[in-house]
Amino acid sequence: MTSSEPPPPCQARNPLGLTVELGRDRPIRLDCGIELGPVTVAYQTYGRLNADRSNAILICHALTGDHYLADPHPITGKPGWWSELVGPGRVFDTDRYFLICSNVLGGCMGTTGPKDVNPDTGKPWGLSFPVITIGDMVLVQARLLDHLGIDQLFAVVGGSMGGMQVLEWCANHPERVFAAIPIAAAARHSAQNIAFHEVGRQAIIADPDWCDGNYLEFDKRPHRGLAVARMAAHITYLSEATLHKKFGRNLQERDVFSYGFGPDFQVESYLRHQGSTFVDRFDANSYLYITRAMDYFDLAAENGGVLANAFIGTKTRFCIVSFSSDWLFPTVESRAVVQALNAVAANVSFVEIRSDKGHDAFLLDEPEFHATLTGFLEGAAAHRGLPRSGQPHHERS
Amino acid sequence: MMMSVGNGALRVDLKLIADMVEPGSRVLDVGCGDGTLLAWLGKHKAVDGRGIELSMAGVSAAVAQGLSVIQGDADTDLKHYPTGAFDTVILSQTLQATYEPKTVLSHMLRIGRRAIVSFPNFGHWRIRAHLGLKGRMPVTDTLAYEWYETPNIHFCTIEDFLVLSQTIGVKVVKGIALNRDGRVLPFDGCGPLANLFADQGLFVLSKG
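Residue numbers (the working numbering), protein chains in the order written: chain A, 1 to 397; chain B, 398 to 605.
The calculated lysine-lysine pairs, modelled on DSSO-like cross-linking and capped at a C-alpha distance of 27 Å, are:
| # | chain 1 | residue 1 | chain 2 | residue 2 |
| --- | --- | --- | --- | --- |
| 1 | B | K499 | B | K604 |
| 2 | A | K315 | B | K440 |
| 3 | B | K442 | A | K315 |
| 4 | B | K412 | B | K604 |
| 5 | B | K476 | A | K315 |
Chain B stretches covered by chain A per the calculated footprint, using a threshold of three residues with CB under 8 Å from any CB of chain A:
| # | region |
| --- | --- |
| 6 | 452-458 |
| 7 | 465-474 |
| 8 | 478-491 |
Hints were generated in silico from the structure; no laboratory data involved. In this text the structure is predicted, and so the values were computed from the model without any measurement. Just so you know, even glycine gets a beta-carbon here, dropped at the ideal spot from N, CA and C.
Go ahead and model the full structure; you've got the sequences and the hints to work with.
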């Protein structure tokens, strides 16, 4: 690892984020064996890196997330996905921490992915893009840290697929992680989750506009397939209780059934809306690649079938969080990680937050969850010797 | 939920336990509640402390003050810890609420060099009198639940506890008899008076 490269100059923040080209001289060796490079990485930072570069927090986004953590999304105009948690005095206190969030490898919001042009052919990669893994995503993030001159992260945090990346960081780059918060995550993707992903992928592939993955060359988009994929996935992010509370069996702008197949029910209308807005901001092939990366994730399998082996000798402080109504990444998956960490006497905290909001709870207003994050970070910061909020910062001159 | 950052005064019985913990040692507090004892030990004795707690409120209060606490319970989670991971494993007022007290005690002395255990003494004369004279399950200050709602499913007397310790080959290093407020009584916690006059027993155990 190198930290010889200069830190980025202090400049006015661009709400659209930053980009950097990595791996031109030293391509990134992917798990599939292919060497990829150069790779463009789109990222955003918040707060300031302190003088000894010890206050950086890497925030890893979920499957369809991006680096618009706290800035408005450039396509939808909606606030960043964790904007409520980022800012002075908030959970991720920007007066105190330096936050980094990058779009994952294979994504479609600026980091190299299948919709970008393959420099060797001059055409979009499409399905010629190499199949990537969670490990590959993290490898690219590690290169970004090298570029930023950060040897060790104060913390790495993420929910869902972001939580998988957190675990990957801890298992394969442990010396670079002081504290870790995997949220609503798992150390492997379950058969049920692979099954849901396969439904989504088949919906995309079955769309004639997908054109065997070459839709960009034909100036088409498999909108219908991608929308159905999103609709199916969206159900898994919620809970039965949420759907019932939000919609029940209420009809959409009508008092009686239509005796047809239009969106009679509010829940149908809601899902159709989720599907149709998603296609404006997400690339169908990216969806295939990223879901595949999640399917392949299995930290135990990489370690002789024993998950604890992934964490032997770890010095990282862990805070694992699950949500009681999450059936996509249920508590039992988090508990398996906790047990593996206990087996190697790691420093671990674990809370199952009681919530009826399902998997999406990690993106929503859950005061108990936010208090847990704040408290854990506070405790870890004390151990790392970071000044408390309100104390003078040692800023780069 | 009471919040603590290790500055306040500790409950008398917790203070007794805290005094027995070596500075800088590795401590696991099983059933740690909101982490009051762990916070105190961290601040005053610089211990490397961990906790296990059943309730979400307890765990989040503990984690929110920077403690390393997991949501879990003694019956199911102790088996995941490696042998010899801790210097001291503490079980305060929780043994009687476990499903398998014998297994829990064995695990405590597997993963810890020593164990500190406190529990209400069902052999106290007031309890005996309550059951003997009234013929009803006792409800006292220290055991304040009706039989149908109590989380305490495995009551024992101090004598019972000492027999169990012998059975599983555990050495009782020290026994302290406590009254209902957790104050030390002037007789040996392992002696015959304790079983009749102690509201609670506090024991330090080591591998046999």
